[in-house]
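Got chain A sorted already, so can you dock chains B, C and D onto it with the hints?
Residues per chain are reported as follows:
There are 4 protein chains.
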Amino acid sequence: MSGNTLGKLFAVTNFGESHGPAIGCVIDGCPPGMALSAADIQPELDRRRPGTSKFVTQRNEADQVEILSGVYQGQTTGTPICLLIRNTDQRSKDYGDIAQSFRPGHADYTYWRKFGVRDPRGGGRSSARLTAPTVAAGAVARKWLHERHGTIFRGCMTHVGELAIGFESWDHVPNNPFFAPVADVSAIEDYMNALRKAGDSCGARLRVTAQRMPVGLGEPIYDRLDAGIAHAMMGLNAVKGVEIGDGFASVAHKGSQHGDSLRPGGTFESNHDGGVLGGISSGQDLEVALAIKPTSSILVPRQSVDTLGQSVELITKGRHDPCVGIRATPIAEALLALVVMDHALRHRAQCAGVPVPAGFDRAVS
Amino acid sequence: MSGNTLGKLFAVTNFGESHGPAIGCVIDGCPPGMALSAADIQPELDRRRPGTSKFVTQRNEADQVEILSGVYQGQTTGTPICLLIRNTDQRSKDYGDIAQSFRPGHADYTYWRKFGVRDPRGGGRSSARLTAPTVAAGAVARKWLHERHGTIFRGCMTHVGELAIGFESWDHVPNNPFFAPVADVSAIEDYMNALRKAGDSCGARLRVTAQRMPVGLGEPIYDRLDAGIAHAMMGLNAVKGVEIGDGFASVAHKGSQHGDSLRPGGTFESNHDGGVLGGISSGQDLEVALAIKPTSSILVPRQSVDTLGQSVELITKGRHDPCVGIRATPIAEALLALVVMDHALRHRAQCAGVPVPAGFDRAVS
Amino acid sequence: MSGNTLGKLFAVTNFGESHGPAIGCVIDGCPPGMALSAADIQPELDRRRPGTSKFVTQRNEADQVEILSGVYQGQTTGTPICLLIRNTDQRSKDYGDIAQSFRPGHADYTYWRKFGVRDPRGGGRSSARLTAPTVAAGAVARKWLHERHGTIFRGCMTHVGELAIGFESWDHVPNNPFFAPVADVSAIEDYMNALRKAGDSCGARLRVTAQRMPVGLGEPIYDRLDAGIAHAMMGLNAVKGVEIGDGFASVAHKGSQHGDSLRPGGTFESNHDGGVLGGISSGQDLEVALAIKPTSSILVPRQSVDTLGQSVELITKGRHDPCVGIRATPIAEALLALVVMDHALRHRAQCAGVPVPAGFDRAVS
Amino acid sequence: MSGNTLGKLFAVTNFGESHGPAIGCVIDGCPPGMALSAADIQPELDRRRPGTSKFVTQRNEADQVEILSGVYQGQTTGTPICLLIRNTDQRSKDYGDIAQSFRPGHADYTYWRKFGVRDPRGGGRSSARLTAPTVAAGAVARKWLHERHGTIFRGCMTHVGELAIGFESWDHVPNNPFFAPVADVSAIEDYMNALRKAGDSCGARLRVTAQRMPVGLGEPIYDRLDAGIAHAMMGLNAVKGVEIGDGFASVAHKGSQHGDSLRPGGTFESNHDGGVLGGISSGQDLEVALAIKPTSSILVPRQSVDTLGQSVELITKGRHDPCVGIRATPIAEALLALVVMDHALRHRAQCAGVPVPAGFDRAVS
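Quick note, the sequences are listed as chains A, B, C and D, same order.
Heads up, the working numbering is the position in the first sequence plus 77, with the first residue counted as 1.
Heads up, the working numbering is the position in the second sequence plus 77, with the first residue counted as 1.
Heads up, the working numbering is the position in the third sequence plus 77, with the first residue counted as 1.
Heads up, the working numbering is the position in the fourth sequence plus 77, with the first residue counted as 1.
Next up, chain A with everything else stripped away, as it sits in the complex (with noise of 0.2 angstroms):
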């Protein structure tokens, strides 16, 4: 059974190989009413994009997105919208070298012997390429969820390699191409040009943030809205780890320290639990972090085996990311993001007409 479908009634069904002739998704339950057009979607698509700066993949495509169904004189009707983005820049000889051996840590070895056969040309199916789609898919989200309920996500990378980066203000993410919180980045760009010399790659972490969260989203038991979380951030490309509001640093706590203190009208003192409590958002903001490997396509020479089961030793050409990290700051929110939303429809199907109380806000922290 695949399963490149992401979400229940929000339902993001992605299609594409990194040098086929296109990738794209259909999203099938996007709301009636909603204002939609190519020019909601592409700024996502551009932050993504490769090609913007030197210490990423030097692919250039244009990432053009085309609504292809669904919308109706600027509108969406409810029908499925299916978003195509036509590949442009395949370079699939580049990958000859690899059609029949496996990079250590990549999923080549893995998809040939799942599947007995292999798309290799840049990595196929397993690309981050395929991260596209979900990125338009996440921008359709975030408007309806911005529109609706006023919900915005964020997000930032908080370490590269063993650099920590540290937090200053949201406002200097769009100002340098690592999305780092901080104002001077020259730190970051030593590191990066350090590693692309080595021809090495390095790991990240990054945090990611939804703010003015509607209360009561997530479906326990086991689709609690933070399994959601967990599952699609380590759906992603490369994720090892992922934490909700405190996460592993929660192991050392007392309950007496960690338990957020709710007051009057349904705030809270403090935000250990990173906006879930038992599976359902509680209003506060989303509070998630996600620990990213280190990019397999490498030069550095490694040991491995080919198809024959021989052993070989490899080096990745090809244009790749040294830190993948880097480009999976819009990734990251939009997968928020598309979770988010398809729990805001999952508990109207069900709680449509909970009344909130008396006495308590909807808005939120």
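Hints should not be assumed to be uniformly reliable.
Intra- or inter-copy, both count: the list cannot distinguish identical chains.
[Unchecked claim] Cut-off 25 angstroms, straight-line C-alpha distance, at most; resulting in silico cross-link-like pairs (PhoX-like, lysine-lysine):
{"id": "1", "residue 1": "LYS274", "residue 2": "LYS394"}
{"id": "2", "residue 1": "LYS331", "residue 2": "LYS394"}
{"id": "3", "residue 1": "LYS274", "residue 2": "LYS131"}
Calculated from the structure, these hints are not laboratory results.
For chains B, C and D alone, coordinates are given in the frame of chain A:
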């Protein structure tokens, strides 16, 4: 859209409340022809059972499982397996105090906001008691995976609060009430005794693993195996972080160091990736870590509000685990087994018949 | 992938075997805040119950329903509702003869071929007894739809074997054991008595309807309301045909005669389409007809084979309905209610807030 | 919750509008390793194509299919297959008249009421044009089922309006524009010519069959194979009735006459049940019949209302099929193939490895 079913092809639907007449689950999709009786399930429930040491809740539940359907003459028939566990030791009066107010850090508040109504007795639906049916279903999955693939699931506690436990041997795990992989647990006992005296609670960190994994399980790009694991684990009560393989330590890794080199035959030099590449099992051991926050039901007084939005000071009496992480080990093992089981069936739905390539063993690491 | 769940948002998971300890279902997705007790469900189970007249199976089951979860202080909480019905009058010895051979026209053979193993006692999982949990779940859906939208579900038998019954009034239906909408059922009694004497069985045709339907339910292009109705009805034991509105009579219609003209306010001149246009409810009454084949368990000897593939002559003793269509009326009503309920929740997930246009009533025909 | 996906394991997600830039679908779950090119799909699209005779709509669409993903070097890779068909002959101006009013018997009204907005051009999403992607996906399913199991899907028209066509041979079906299984179609031509002259439309009855069926497909108790067939068929535009096997004729049957006796080896004496027993395929041919109502777009004036709820008189210009049943044959075949394909994958997910018992052939009837 409620979310009380885990799994798509081995689908476990959970029901019940902490102080209702019974809890249980229905497993839909179990392959036919497997020998099964309550005796295959009971030992796993006994590992999770409350009241077995002074370090866990003193609620005394036999947790006897009854198989209501799906088994004929000791064999699964392929039809739904209903597992029923009667509740026997409810003391709902303990909860009178908190029926109208909300424990900080607890699902009390969010359930009430979501549904407009909640069963406050023992936490109702949000109680960790509802993990018992998950454990029972997990026992069925474990049996099938072991018979079919030889797969084994193991877990242990690696940190309790700020105390690191270390790893000596899996053999120690069944010999102490903490699921600790060490011979001498006196330090843990001292830590827990001090905690109880303080009326407080603490967090924990667990490790869970699957050994002798089939290759090829996982359904990218969204329903990756690691995404499924993260969903199940983050959906467990009190979990705030999930790692696969090196997890957050990967952030500081270089690609030249992180990628696990392949050896002839399909084995690997290392297991930084924790058994998953591109969302698909590589045949290496699955390695998962969890962060569990401290219980929110404590005797230390806390500030909170009641259902009218008024300030209250709250302490929680009743019978509670001072560290929910202690009993979480068999639950986490069960969840890992359920995810692997579901993906085993999903894999063969699409890929039955894909051959093991010459030169590659199915057996690994 | 097993298929024991009906509905996506009001999801009913059915379990049990005819002669196992119990049968039942779990309803996941019921909206919170509805008053519910066993007394709301029992009357529908009583309508379907065996042993109530000499024209149906003499198996004597009380069919007492127990609510195990999901209700607190007489109100649904939004959590799963488990409904349990204990089996009490199993006589498995009656089935010794057919454990190793296959009744012509029965699921005996195909269950055995599919699963390699089957529970032969009373038909095991394929027994019409498993419609009892469907009826119980349907009672919950009916209550919600009636309270929310005023919708009413009704059914009757219109043909028994080659005997056409005619329609006089819904008022007669509860007054005879055939769910016949006529005052005088002596012709039906004579027909059934002759059939029993012959040891044979017969088919039936039923009509089911929903009155005061909400407008807009149905999810084209595949999950249309009529498609969902057809799925549920054709999935009922022994059903071989389903019609919506004029059904097969539409074949001979002209477009100028068939299309139902609209009148101001959104009412219609006629109801050839049976309340569904383009897969979406129009607000007119749903009109559904079913064809039910004759029971395959008869005393007349038949040619068949055994599990070794050898020829056998077979008669079926035990307690059976000579016309399964008789007790099918409340089941078909329940199925219709479950489909409408599921679509009501699906509709509001996507379209909550779409207004009733000025000049159009919500109330129709 | 939108319903634009057909199938659970071979999942076809359909998108597009009649007069939008393109229509298409994404197939998720196709097994890897099957040879596939556009040439495998195009012939089925050509059978369904408009404009091929004077008896169908004169809209001239090439319906050229483009495979955007999921195929590498002529082989399916197990990843999503996106099939795209550009619309080329839209004449939206024809629809200006009906943008603000509703055709009796058409989805115009219900789409507008459900979503609050609709694309009126050519029927928008409710157009039968959206069956083209279904046919394209069906061609993929047919190829796999034929290669794997030898299964063949066939259909024909058996009634056009009140004219019964009779059955001479499948060989005649491709030789006339009506999919009629008779050598001489002059009576049908006369009937259709008279109908066109009257500006009216008519219904039709179709037969669809699958030969050389695998045994064991179907997932009772709810997702039976016959239930899936009924869902797919009733979901096809204009269908108002579905029968399996003897269908409504079963009502007047006796059990002694209806049940299909088994013969040694697992073949049958007759096929009253149309290849399904207890919701599971028996290995006999699937036999399905459909009732299709007359097109609602006719030149005969009708009474209706507009979006303000005011009375209007309406005739429908534009290019329409006077009998949508004519082009429905290849669509119904495709739907049957999609249902069987999905159930083939569902069956092996749970029951892979269940052996064919000694004395029973897999090949049947």
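Verification of the hints:
1. LYS274 <-> LYS394: within (14 angstroms within a copy, 61 angstroms between copies)
2. LYS331 <-> LYS394: between (50 angstroms within a copy, 17 angstroms between copies)
3. LYS274 <-> LYS131: Within. Shortest intra-copy distance 12 angstroms satisfies the 25 angstroms Cα cut-off; inter-copy 58 angstroms does not.
In summary, the structure agrees with every hint in the numbered list given earlier.
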